[in-house]
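A.B. asks: The hints should help you fit chain B with the ligands onto chain A, whose structure is shown.
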Amino acid sequence: MTAPVTAPMTAPAPPPLVDLFERGLDAPICLTWELTYACNLACSHCLSSSGRRDPRELSTAEAKAVIDELEAMQVFYVNIGGGEPTVRADFWELLDYATAHHVGVKFSTNGVRITPDAAARLARNDYVDVQISLDGATADVNDAVRGAGSYATALRALENLAAAGMRNFKISVVCTRHNIPQLDAFKALADRYGAQLRLTRLRPSGRGADVWDELHPTAAQQRELYDWLLANGENVLTGDSFFHLSAYGQALPGLNLCGAGRVVCLIDPVGDVYACPFAIHDEFLAGNVRTADGFSGVWRDSELFRRLRTPQHGGACASCAFYDTCKGGCMAAKFFTGLPLDGPDPECVQGYGEELLARRDDGTRVPKPSGDHSRGTGSRKRTTVDLVLTRREAVTSPARPPVSECAEHPLAGLDLTTVGKDTAHA
Amino acid sequence: MTTTDSATIAMDLDRAWDLHPQVSVRPEPFGALLYHFGTRKLSFLKDRRLLAVVQALADAPTARAACLGAGLGEDELPRYGRALAVLVQSSMVVGRTP
Ligand code: SF4
Ligand code: SF4
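Residue numbers (this note's numbering), protein chains in the order written: chain A, 1 to 426; chain B, 1001 to 1098.
The calculated lysine to any residue pairs, modelled on SDA-like cross-linking and capped at a C-alpha distance of 25 Å, are:
{"#": "1", "chain 1": "B", "residue 1": "Lys1041", "chain 2": "A", "residue 2": "Ala162"}
{"#": "2", "chain 1": "B", "residue 1": "Lys1041", "chain 2": "A", "residue 2": "Ala72"}
{"#": "3", "chain 1": "A", "residue 1": "Lys187", "chain 2": "B", "residue 2": "Lys1041"}
{"#": "4", "chain 1": "A", "residue 1": "Lys64", "chain 2": "B", "residue 2": "Phe1037"}
Computed, partial: chain B to chain A, Cβ under 10 Å:
{"#": "5", "residue": "Val1025"}
{"#": "6", "residue": "Arg1026"}
{"#": "7", "residue": "Pro1029"}
{"#": "8", "residue": "Tyr1035"}
{"#": "9", "residue": "Leu1042"}
Chain A is faced by these chain B residues, among others (derived, beta-carbon under 10 Å):
{"#": "10", "residue": "Gln1022"}
{"#": "11", "residue": "Ser1024"}
{"#": "12", "residue": "Pro1027"}
{"#": "13", "residue": "Glu1028"}
{"#": "14", "residue": "Leu1033"}
{"#": "15", "residue": "Gly1038"}
No wet-lab data here; the hints were simulated from the structure. Glycine included, C-beta positions come from ideal geometry on N, C-alpha and C.
Chain A on its own, in the form it takes in the complex (with noise of 0.2 Å):
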């Protein structure tokens, strides 16, 4: 990560980047697509409750129409996840196609399709980036939460990666209660594959939001990931998944700000349009790629995305002395919690979060996620804090739902140089 640049003043400076950004940009930058919400395996915490694939899925050409369009807006890339985006018989295809036309993509996968044959393409493919989602630097960590067999298959694949010669493919974490205490292990196992770690911020959504409560890291869990973050930012990959850790101090690298919709979106294996790959609800859907302006008149014109693009309020946060950097926090991580949007972030490092949390009453309406694709009974319950550590079988049907690979910030790795006249943004 390099600093804004800054340079002598001769005019008035111009306003900060971040605040152009919160106006949005012309394309997203950070668009993520998640395929298909088929997948093989079925983590507890996945964000898009993957696992069956829909019927009404976009076909081989409606997906690359959407292609098309990403070229001609200039989308530089585009994160693909699921479900299990390798699982969709057209993946290998869709994939060629996109970098054919200059639409870089970044894939998030369990690993189960990466043999040593996919790994080889791979590294020949310049415009290709692979995330392999472990969610503990050990089996009995990991599997807890992605299933029986999940560390195995991703370690193959990350071998498989190794020896094919590919470089600088990430290790994608979702940063949980049980896996915080091996960061240090983590960092060991992507140095000893040459890969990047990438870690990301546990999220409520989709069936995040059933195990978030035993999931996601305490207050001193939090603590120690942000000193973690400060002594070995400068080799990790986190984007701006963690600004709401701004609060304690010192900024992290990254934008500091709620990209949906303005820099951020969505869409879903139908072609359905959301602010933000965390934010699958009615409340937040844009529109569709189906319609007659496609992806980018959605993008243009939705009055949703015109509505968070403009100046939004702190509300309760406003006053706060680090509102700058943090901003209240995550936008979907309030909403799957039931608290107010112009409010604090349910981690605030503040402790507010936790004090509207705990007020919540039983009548509290927790919105629950828009689709649910698990495979089972797909009967959801939203259960009270339970501080130990399961799978949801127990609780919903044996056959718990799937994954979802791309459980990471939308900004998660952007490397961000300004180059221009005025001051840095933070």
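C.D. replies: Same frame as chain A, now just chain B with the ligands:
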């Protein structure tokens, strides 16, 4: 966060430069976004005139000519030179043999 000490970066304005072939430029109302597909880095140009300079590099004999052609004054060259130097550092801009 590291700080780039722009004062220490020297930029040779009197040679030919170009955007790296793997860099894609997307104009935005406030300037432009640059994305390098090789390093996967994103840069923001917060200034439309800097964008004009960057876009002129390929066809100008020197960076100085690109700057002046984009309407910059002599007094602005050091500042824009430093901005270009930052882009060189991140391999967005590379030397070109005319
Ligand atoms: S993850 Fe949260 S903070 Fe980030 S863009 Fe989505 S809603 Fe905003
Ligand atoms: S009060 Fe709001 S702005 Fe302040 S630290 Fe908490 S969430 Fe962030």
